[in-house]
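Visitor: When you get a sec, could you build the whole thing from the sequences and use the hints?
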Amino acid sequence: MPELPEVETVCRGLRTAMEGRVLTQVTARRPDLRFPLPPDFEGRLRGRRIERIDRRAKYIVVHLDDGQVLIMHLGMSGRMNLWAPQVSAEPPPLATHDHVIFEVGNGSRVVFHDPRRFGFMALTREDELASHPYFAHLGPEPLGDIFTPDYLSQSLDGKRTPIKAALLDQRVVAGLGNIYVCEALHMSGISPRRLACSVSGQRAERLVPAIRDVLERAIQAGGSSLRDYAQVDGELGYFQHSWQAYGREGEPCGQPGCSGTISRIVQSGRSTFFCNKHQR
DNA sequence: CGTACACCCTGGCCGC
DNA sequence: TGCGGCCAGGGTGTAC
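The first sequence begins at 44 in the numbering used here and counts up one residue at a time.
This list has only true hints and no planted wrong ones.
Distance ranges between label pairs, derived from CB positions:
1) C240 to G63: 42 to 50 Å
2) R64 to P295: 43 to 51 Å
3) E259 to D83: 33 to 41 Å
4) P295 to P176: 39 to 47 Å
5) A132 to G312: 43 to 51 Å
6) G300 to P74: 51 to 59 Å
7) R159 to S302: 33 to 41 Å
These are computed hints drawn from the structure, not numbers from a lab. Idealized CB from N, CA, C, for every residue including glycine.
Guide: Listed below in structure tokens is the structure:
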């Protein structure tokens, strides 16, 4: 159930398991993920060495030694399950919704598991990556240097949509999802219904660090759970985390000094959780 | 052009 | 226990 911090955690796990190693075998058990897999998907990956694994927004970007790039997206329910020979004598039996299996040169195995099949994989080339349809229109990384209060104010200028929707727009900032938008707005005291164009000045000064904060703390939590999970069952893609607003309808607002209650509303078809006392 | 909404798919949970 | 309805963390295509 991945948002940016979960994808970052998955990337870190995959790096450990795969970077610098050869894909000895790739098996796609069904060709129809969110989009059809590219032609000869297995053959184009087999025998390739993995040079580097990056994250861009919620995409996992795998650079191969022949200039190809494997792009993976976990969608809503995608996970990666790791297995290595030192964990158990035999790999666990394949389960329903285990769609793609990557076998790595050191004998370990990575399995893409995705019940809802909103996840997808694509192949492109290094020199076409930036202009690829998935990447061409992405805004800056929320944890990068470009994403500043000034940048945010400018890019929200004139937008009459609610700030909640604007922050989910990947052209404004790339990689924010429903949970962390709720959390960052809660932390910075901004109403999700406020018009995007009115988030500038002091509000933008509060919102940008709040976004960084919630993401960084979640990545830290993921990092520590990664160690635990990898030891237990190698399952990447989900970790326990406690939210201040998300999923807490009817509970007291946790903000220090606020006596409000968390409400749930629907904005552009998605749940928004917020405190209508301190978020203005 | 920007915004709003349906849709892709499966599973879990809740109420009857 | 069984079943229908509702919900879910994403991204895209279409209609206005």
